[in-house]
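Visitor: Given the sequences, and given the hints that come with them, work out the whole structure.
Note that the protein sequences, when read in sequence, are chains A and B.
Note that the numbering used here has the first sequence beginning at 1, numbered continuously upward.
Note that the numbering used here has the second sequence beginning at 1, numbered continuously upward.
Note that these hints are calculated values from the structure, not bench results.
Do not take every clue at face value.
Once the Cα atoms are required to be at most 25 Å apart in a straight line, the calculated SDA-like pairs of lysine to any residue come out as [to be verified]:
(1) B:Lys151 to A:Asp387
(2) B:Lys100 to A:Lys317
(3) B:Lys151 to A:Pro388
(4) B:Lys14 to A:Lys335
(5) A:Lys198 to A:Ala87
(6) B:Lys108 to A:Lys317
(7) A:Lys163 to A:Ile115
(8) A:Lys335 to A:Leu44
(9) B:Lys100 to A:Asn402
(10) B:Lys165 to A:Met390
(11) A:Lys198 to A:Asn131
(12) A:Lys376 to A:Asp228
(13) B:Lys151 to A:Arg401
(14) B:Lys100 to A:Arg426
(15) A:Lys317 to A:Ser427
(16) B:Lys127 to A:Met390
Source: prediction; values computed, not measured.
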Amino acid sequence: MMVNSAMRSFEEQWQRRSIGLIGTAGPIQSLQEQAMRRFVNLGLPSARDESWRNTSLRQLAASHFGDALDVPCAPRLEPIEISWLAASDIPTIIMVNGYPQLAWLDRSVLNGVSISTIKDIAKTRPGYLINLLEPLSDLEQRRWLLLNSALFVDGLHLKITAKINTPVLIIHVSSGNARDGVNAPISNYPRVIIESAKNSSATVIEHHVGASQQSVFSNSVSHLDVEDNAKIQHYRIFSTDANTSHIDSLDIRLGRDSHCQQFTMILGGGLVRTNLEAELNQPGAALENYSLLVGRASRHIDCVNIVRHNARNTTSKQTARAVASDESRVIINSKVVVEVGAQHSESQQSCRGLLLSPKAEIDTRPQLEIHTDEVKCAHGATTGRLDPDMLFYMLSRGLDRNTAQSLLVYAFLGDVLTNMSVVGVRSAIENVLIGQLPNSQLLREFQ
Amino acid sequence: MLKISKLSARIGDKSILNGIDLAVNAGEVHAIMGPNGSGKSTLAQVLAGRQEYEVTAGSVSFAGQDLLALSTEDRARAGLFLGFQYPVEIPGVNNVYLLKAALNAKRKAVGESEVDAYEFLTLIKQKMKLMQMSESFLTRGVNEGFSGGEKKRNEILQMLVLEPKLSILDETDSGLDIDALKIVSLGVNSLRSQNRAIILVTHYQRLLDYIVPDYVHVLSGGRILKSGDKSLALELERRGYDWVRESAAA
Numbered sequence: 001m002m003v004n005s006a007m008r009s010f011e012e013q014w015q016r017r018s019i020g021l022i023g024t025a026g027p028i029q030s031l032q033e034q035a036m037r038r039f040v041n042l043g044l045p046s047a048r049d050e051s052w053r054n055t056s057l058r059q060l061a062a063s064h065f066g067d068a069l070d071v072p073c074a075p076r077l078e079p080i081e082i083s084w085l086a087a088s089d090i091p092t093i094i095m096v097n098g099y100p101q102l103a104w105l106d107r108s109v110l111n112g113v114s115i116s117t118i119k120d121i122a123k124t125r126p127g128y129l130i131n132l133l134e135p136l137s138d139l140e141q142r143r144w145l146l147l148n149s150a151l152f153v154d155g156l157h158l159k160i161t162a163k164i165n166t167p168v169l170i171i172h173v174s175s176g177n178a179r180d181g182v183n184a185p186i187s188n189y190p191r192v193i194i195e196s197a198k199n200s201s202a203t204v205i206e207h208h209v210g211a212s213q214q215s216v217f218s219n220s221v222s223h224l225d226v227e228d229n230a231k232i233q234h235y236r237i238f239s240t241d242a243n244t245s246h247i248d249s250l251d252i253r254l255g256r257d258s259h260c261q262q263f264t265m266i267l268g269g270g271l272v273r274t275n276l277e278a279e280l281n282q283p284g285a286a287l288e289n290y291s292l293l294v295g296r297a298s299r300h301i302d303c304v305n306i307v308r309h310n311a312r313n314t315t316s317k318q319t320a321r322a323v324a325s326d327e328s329r330v331i332i333n334s335k336v337v338v339e340v341g342a343q344h345s346e347s348q349q350s351c352r353g354l355l356l357s358p359k360a361e362i363d364t365r366p367q368l369e370i371h372t373d374e375v376k377c378a379h380g381a382t383t384g385r386l387d388p389d390m391l392f393y394m395l396s397r398g399l400d401r402n403t404a405q406s407l408l409v410y411a412f413l414g415d416v417l418t419n420m421s422v423v424g425v426r427s428a429i430e431n432v433l434i435g436q437l438p439n440s441q442l443l444r445e446f447q
Numbered sequence: 001m002l003k004i005s006k007l008s009a010r011i012g013d014k015s016i017l018n019g020i021d022l023a024v025n026a027g028e029v030h031a032i033m034g035p036n037g038s039g040k041s042t043l044a045q046v047l048a049g050r051q052e053y054e055v056t057a058g059s060v061s062f063a064g065q066d067l068l069a070l071s072t073e074d075r076a077r078a079g080l081f082l083g084f085q086y087p088v089e090i091p092g093v094n095n096v097y098l099l100k101a102a103l104n105a106k107r108k109a110v111g112e113s114e115v116d117a118y119e120f121l122t123l124i125k126q127k128m129k130l131m132q133m134s135e136s137f138l139t140r141g142v143n144e145g146f147s148g149g150e151k152k153r154n155e156i157l158q159m160l161v162l163e164p165k166l167s168i169l170d171e172t173d174s175g176l177d178i179d180a181l182k183i184v185s186l187g188v189n190s191l192r193s194q195n196r197a198i199i200l201v202t203h204y205q206r207l208l209d210y211i212v213p214d215y216v217h218v219l220s221g222g223r224i225l226k227s228g229d230k231s232l233a234l235e236l237e238r239r240g241y242d243w244v245r246e247s248a249a250a
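Guide: Now the structure itself:
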């Protein structure tokens, strides 16, 4: 095991928890201890680990992270000042460095959702929580879940019990000073559990923002438990600063005839690694995943999806669109596994990358693992530059090159954007997205 | 309006145009006919500024400017329009966006202000009516899922909105049934005037029954072998292209 600065700081953070300087989630302490031990044994992933081949954690390893404070510097953060998705009619929960600020929540606007902290769940339903955290896994794509499981102190639990029409917004803020000093790098471990009860439906948006001058390592984990016949639309949107490194893991479990539409949008951050593992556990379960990955400057995006069809008649559709400009890099690994007994399952994977500069790089790798007969699985991946025929056509109509290129880039992302059915969310995302693309001022004229 | 002198062009190592001479004056309609592979489409694309073709010799002046020195977009803004043989589908870019951007680019180039939204829609709707296109085409992606005939009508719609000085229509008649051919011809004829010119690139004389040309040229092997009036087209229909090639060789 390589001892590095980051690893030392994670161990120090664990020490502070084990001697009670920082609270832990109580009854699950022994599980947390086990998670920490296993993470320490494994060490940070390196280029030798298959799913980390293209993403170097050298810079992260060299940093020393202090524990983030559980309250922000300012007395109260106003949603609309920190998230461009916030609106007065959208119920909003703010999490500061992973700590839910429920005192700020106007509960009257949230019918059909019960909200609690994970600390409370640890006391009232420890069995449920342990069930979610177990089994701890040493698999490389689950390694960072170990660290989060070890070091999270609190988190958010949402139980959706009805059909809810307004989206629920969770703003994750990385904020404030480290306990160790004003400008020292901090790390945080946000944990969110969303349970969709039978027949319920809802839209939940997790928006990761940065309100911090110092460099931040965010190791977030979310669970989505979609029970029979429930319908959920889940967004995870990353718009942090370039000084944020983010490793996010999303676990989705789908029950009978349940439906999950998941959107992953990377519009910010220095290094962003997203993991998605979906288990289609009962017949009729359906997952749609849309990823919109925007690389610019020296941003590094690494997106790993694993979708397992564990029951017959399950369907999954993954659509990823990546654009990379400047010196950015985008990696997409998406894998579909159809297990024994999952006959009549259908899966589609479409990964497309668009390179906008000679120094940018996009790697796409769709994979299929089929262990049964009678399934329909399609996959396709392409990466290239703008289509010269389309470009010539537009130029021949008098459009200048920059406008033509911008319109084509935007059109390329349409496969993801047009599937976003919450109008307000879509227009807010489009607005920010345009700002991330070359010649944004030209595109604004077409909005 | 357009003067082409000794124009030669190639793509890669393959020479396609081998010394074209052609003069087109305002008010004229010229038809360029010729067998497959004779260089008709290449000529159209070279004039519009397709960069894949390399001009190896000759010159082209258009409305007093050196056309070959202009970028593709500047040629369009100067009033040159290419109607594509195979209009490209651009999913995700609205037809109406493209039309508006194209019109504004042209207006900007001649020092006019951007078109007013209401005025623009009125104009478009009027032209669409002429081309018998449903308004639902406006919000669809450019040529996305259009039939062959719809694509060609969309090309003519763009031409009508942009009102170019010189329109080069590359096999606009191919893939059209007789009704669509009449609609397209109606659109093209509505733009004929003393200060505009049209070049029709076509295989068949059929189109020329509807858009009657002033001049007909036969292109073969990258050269204009014969020029004449509209009766030449009829003669070609009767005798084929070999006759022209043989008499040119003699």
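Visitor: Which numbered hints are broken by the structure, listed smallest first?
Guide: 2, 4, 5 and 6
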